[in-house]
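S.K.: Sequence:
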Amino acid sequence: MENFIVSARKYRPATFKSVVGQASITTTLKNAIKNNHLAHAYLFCGPRGVGKTTCARIFAKTINCKNLDENVEPCNQCESCQAFNQNRSYNIHELDAASNNSVEDIRTLIEQVRIPPQVGKYSIYIIDEVHMLSSQAFNAFLKTLEEPPAHAIFILATTEKHKIIPTILSRCQIFDFNRIKVDDTVEYLEYIAKNENINYEVDALSVIAQKADGAMRDALSIFDQVVSFSGNNITYQNVIDNLNVLDYDYYFKITDKFIQSNISDSLLIFNEILEKGFDSHHFINGLSEHFRNLLVCRDEITLQLLEVGANIRERYKTQTKQCTPDFLFSALEISNKYDMGYRLSKNKRLHVELALIELCNITAEKKKSELKEEQAEKEVKKEENFINEEPAQYDKSQIKETKPVQNIDLPTKPMSFSIKEKLNISKNVNETPEKEEDAETDEDHEFLNTEFTEKQLVEAWHKFSDTMGKRPRIFNTLTSKDPKLEDDFTISFVIDNNLQEEKINEIRNELMHFLRKELKNTDIDLRLIITELEEENNKLYTAEDKFKYLLSKNENLGKLKQEFNLDLE
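Note that my numbering gives residue 979 to position 525 of the sequence shown, counting from 1, and the numbers run on in steps of one.
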């Protein structure tokens, strides 16, 4: 039976062209070889599995190749290339700094560096995980790294650049390797699947790429694992079952419940997720990622930040149309808050369920606020219409002519339509009007002087206060106490200070107009009463004040304090 070789080794890039996701670095290295601008030390740093050691080997192989092609790629025909391919090259030396991190190991390396290469022009020393060297080993390596022999080139590789001392960094050309994008990983997995005659779904490969988190080596290891599980047919369902990945469908369904403010179904979906063995912290973390993806889907410019398969991308586009930006901002804030507080919570399930309840309330709270604003706008418009309402116009053809009235003293006021004046004038008229006109006058008189109770006054007062919701200071002043009804329809209202008096005077006309209309009485008047609190009751006494008061009651306290050198505190 033929030995199985894992994909990470079998499909390891052997040329610069086959390196995935590091185009800028491979281009720089190829130009350096082409123009013969080779440095004596390089530092390759970046996350795991992104091609640091692979690029170091390809670079070392290409430097000593005798027949480079026009694309600056090794020929694989010369003695140096064949020796490298067969792992018998004496020009390329690899050292694992994790297990060779002492001063003695570095001294051995320094002695080896002095020996020139037997075949080729350069001896290349690849030191992997160089950050594991001890401080003494780094110091012993400094001189050789700065001034090595002409035939020696050092390539250092590390995942933790911050642990390397600055004196080493200053002697190297530094190349920062990037995380490999999901699209690049999926493309390379498709290439491998076709070579191995494996059927696949793009969404399935996309899940593998996301699980790898930018590391190609991890992606290839997961790919082999899924192939072992599902055979030669990789499906989306097989991948999420094998890797225990929470399906996107759960996030889409539960977000729909958030939009509908459906708390019951949200809790049931979360219970189903827990029954399938998923971690609740993983769920709340994935929920934050889901809201983030919905947010970037709202704009075509940020759509490129969405690293998912084509089918999932379309579902995101569909759902984001149902979500307002305010909803997404609030949802992100809530999910992030509960994600950070998860570790401190003792009841993990309840902690996540509270998050779900709060997320369901986003839409409900928004609807309530919109309804209140709509009602407030209607009240304001109603008041404006009433204020701007013109006096009723009477049809002169329906009013019978009366005889001229003699010796009537009319009040000297600006000409305006006043029902009170009209009523007073009617009393002095010698000829009484028709019964229909009398009935109309009596009805108006009843409207203008309708009796009302203090309870009705308080209800009308609070009704007006609700219209002041957008002016919190006035609203708080009006709702702090209830008004009192005195004789002659006078309303007395108690306030605490002059500032409150000024605020009420600003809306006095509007308030009186509202109350007169609501209670159907034009004789209503408002009297403000300011309560002056006694200074003695509000004064904060110090320890010294208290002592002086007690001293006035008993002089012996002073002698006691002086004799024992007591303090007031």
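Do not take every clue at face value.
[Said to hold, decoys possible] Computed list of lysine-lysine pairs in PhoX-like fashion (alpha-carbon distance at most 20 Å, straight line):
no. : residue 1 : residue 2
1   : Lys1000   : Lys1013
2   : Lys471    : Lys488
3   : Lys974    : Lys909
4   : Lys730    : Lys615
Keep in mind the hints are simulated off the structure, nothing from the lab.
Fair warning: this is a prediction, and the values are worked out from it, not measured in the lab.
S.K.: Now, for every hint given, state plainly whether the structure supports it.
M.R.: A quick look at each hint next to the structure:
Distance restraint check for lysine 1000 and lysine 1013: the Cα-Cα separation of roughly 16 Å lies within the 20 Å cut-off, and the hinted pair is therefore satisfied. Distance hint between lysine 471 and lysine 488 is fulfilled; the C-alpha atoms sit about 15 Å from each other, no more than 20 Å. Simply put, lysine 974 and lysine 909 have alpha-carbon atoms about 15 Å apart, close enough for the 20 Å limit, and the pair holds. For the hint linking lysine 730 to lysine 615, the alpha-carbon distance of about 40 Å lies beyond 20 Å, and the restraint is violated.
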